[in-house]
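S.K.: My request is simple: use the sequences and hints to build the entire structure.
In our numbering, the protein residues as written are 192 to 512.
Calculated directly from the structure, the hints in this document are not laboratory data.
Among the clues, some could well be false.
Claimed, not checked - The calculated label-pair distances, taken between Cβ atoms and stated as ranges, are:
{"#": "1", "residue 1": "446", "residue 2": "304", "range": "21 to 31 Å"}
{"#": "2", "residue 1": "267", "residue 2": "230", "range": "14 to 24 Å"}
{"#": "3", "residue 1": "484", "residue 2": "410", "range": "15 to 25 Å"}
{"#": "4", "residue 1": "318", "residue 2": "259", "range": "11 to 21 Å"}
{"#": "5", "residue 1": "206", "residue 2": "367", "range": "32 to 42 Å"}
{"#": "6", "residue 1": "364", "residue 2": "267", "range": "33 to 43 Å"}
{"#": "7", "residue 1": "223", "residue 2": "413", "range": "14 to 24 Å"}
{"#": "8", "residue 1": "495", "residue 2": "309", "range": "41 to 51 Å"}
{"#": "9", "residue 1": "407", "residue 2": "494", "range": "10 to 20 Å"}
{"#": "10", "residue 1": "279", "residue 2": "507", "range": "18 to 28 Å"}
{"#": "11", "residue 1": "493", "residue 2": "314", "range": "26 to 36 Å"}
Heads up, the beta-carbon is just placed ideally off N, CA and C, and yes, glycines get one too.
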Amino acid sequence: MQKMSSDPTRLSLHGPTMATRWSVLCDVAASIDRAALHQALAAAVEQVDQQMSPWKADSDLMRLNRAAPGEWVSLPPEIMAVLARALEIARLSDGAFDPTVGALVNAWGFGAEREDPDVAAIRVAAQAGQRPAHQRLDLDPAASRARKHAPLQVDLCGIAKGYGVDRMVAVLQHHGVAHALVALDGELRALGTQAGGQPWAVAVESPEPGRRAARGVLELADVAVATSGDYRRWVDIGGARLSHTMDGRRAAPVNNGVASVTVLAPDCMSADAWATALLVAGPGEGLALAQRMGLEALFLVRQETRWVEMGLGRFAQADAR
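M.R.: Structural data, given as C-alpha cells:
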C-alpha cells in the first residue's frame, strides 16, 4: 500500500549525555523539522547536565556544594524543582532517598574525587550526614535560591536522569509530538501510545552483571518507568560486591539482597527517585513503603541460586523464579 503524506513517520533520534545516551522514538508528521527537534532535545538534556552534574566543576550543583554553610546560592528554576522533589521524597521515604550523600559517594570511590574507598573520608562523611536531608538544606522558591546548614555535598544522580527524560517529553509536546518513547539510560517515559494505538513495549532487564538480557516486557502508555539496581556499578571489597547506590542511613553502599527495583509513575523524575529509595529501603521496608505510597513497583531479590519477584500494582502477579 502506498504511504500517504498524512501518515505518521517513525523517527529515531539519539545523542550522548551524562556519560550515557538519550534516545527518542516518535511518530510524527512527515513535515516536522527533524533537525530542529533533535537540536531542542539535545539542548534540553545538556541543560540538565550543565546544571546538575557532580562531574562538572562549573555546574550549578557544584556551586551549591562549594558554598559555605548558611550562604544562600541563587539557582536556576529547573534545579530548584529537582531539589524540591528530591527533598520531598527524602522526607516521605524516611531518608531512604537522600540527595545529600555526595560526600559518601566520593568517599566510597564512586564520585569524581577518587576511585577507591577512603576509610577516613567515609568516617567524616558519615558523621556529617546524621541529620535528615530535609533538615540540612533550605530552599527559598520565591527567590530561587538554596542554602546548606552543614558542609554537605548534594548529589542528584538518583533523580536528574529521570528529570532529563521529563524535559525531553516537554520538548516533544512543544513541537506537537503526541506519540513517543523517551529514554535516558534506565529511565523511560511513554508519551501517549504509538500512532497506531499500540502501547510502547519496553524490556525489564535481568539484573545480571556483564550481561544484557530481558526478564520481561512492559507495555507503556502515558507513564514513566525507572529501574535502580546493584549490578552495573560496584566495588569489590573482600569478595563482597558493593553497589554504587548509597544508603545514607548506614553511611555505606546498599547491600540488602535487592538486585533491582522497577517503578512506574506519571513522571520520570518521581519514578527515578522512588526506584532508588526502594532499592535502599530493601525488600521488607521497601515493599511496605511502596504500599504506603501507592507505588507500582517490582523488586527482584536474590535468594541463594534464584531470583524472587515481589510486585505491586500491575506487577502484583509476579511469580517467584
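S.K.: Falls inside 21 to 31 Å, the C-beta gap from residue 446 to residue 304?
M.R.: Between residue 446 and residue 304, where Cβ atoms are some 22 Å apart, the hint holds.
S.K.: Holds or violated: 14 to 24 Å for the Cβ distance of residue 223 and residue 413?
M.R.: holds (21 Å)
S.K.: Just to be sure I understand the hint, the distance between the Cβ atoms of residue 407 and residue 494 should be within 10 to 20 Å; is that true here?
M.R.: holds (18 Å)
S.K.: Taking the beta carbons of residue 267 and residue 230, is their distance inside 14 to 24 Å?
M.R.: holds (20 Å)
S.K.: Holds or violated: the 26 to 36 Å window for the beta-carbon distance between residue 493 and residue 314?
M.R.: Since residue 493 and residue 314 have Cβ atoms about 29 Å apart, the given range 26 to 36 Å holds.
S.K.: In this structure, is the beta-carbon distance linking residue 495 and residue 309 contained in 41 to 51 Å?
M.R.: Taking Cβ atoms as reference, residue 495 and residue 309 lie about 33 Å apart, which means the hint is violated.
S.K.: Within 18 to 28 Å or not, the Cβ separation of residue 279 and residue 507?
M.R.: holds (26 Å)
S.K.: Using the C-beta atoms of residue 206 and residue 367, is the stated range 32 to 42 Å upheld?
M.R.: violated (21 Å)
S.K.: Check the following: the C-beta atoms of residue 318 and residue 259 are separated by a distance inside 11 to 21 Å.
M.R.: Cβ of residue 318 to Cβ of residue 259: about 18 Å, so the range 11 to 21 Å holds.
S.K.: Confirm or reject the claim that residue 484 and residue 410 have a C-beta distance inside 15 to 25 Å.
M.R.: holds (23 Å)
S.K.: Taking the beta carbons of residue 364 and residue 267, is their distance inside 33 to 43 Å?
M.R.: violated (21 Å)
The earlier numbered hints that this structure contradicts are 5, 6 and 8.
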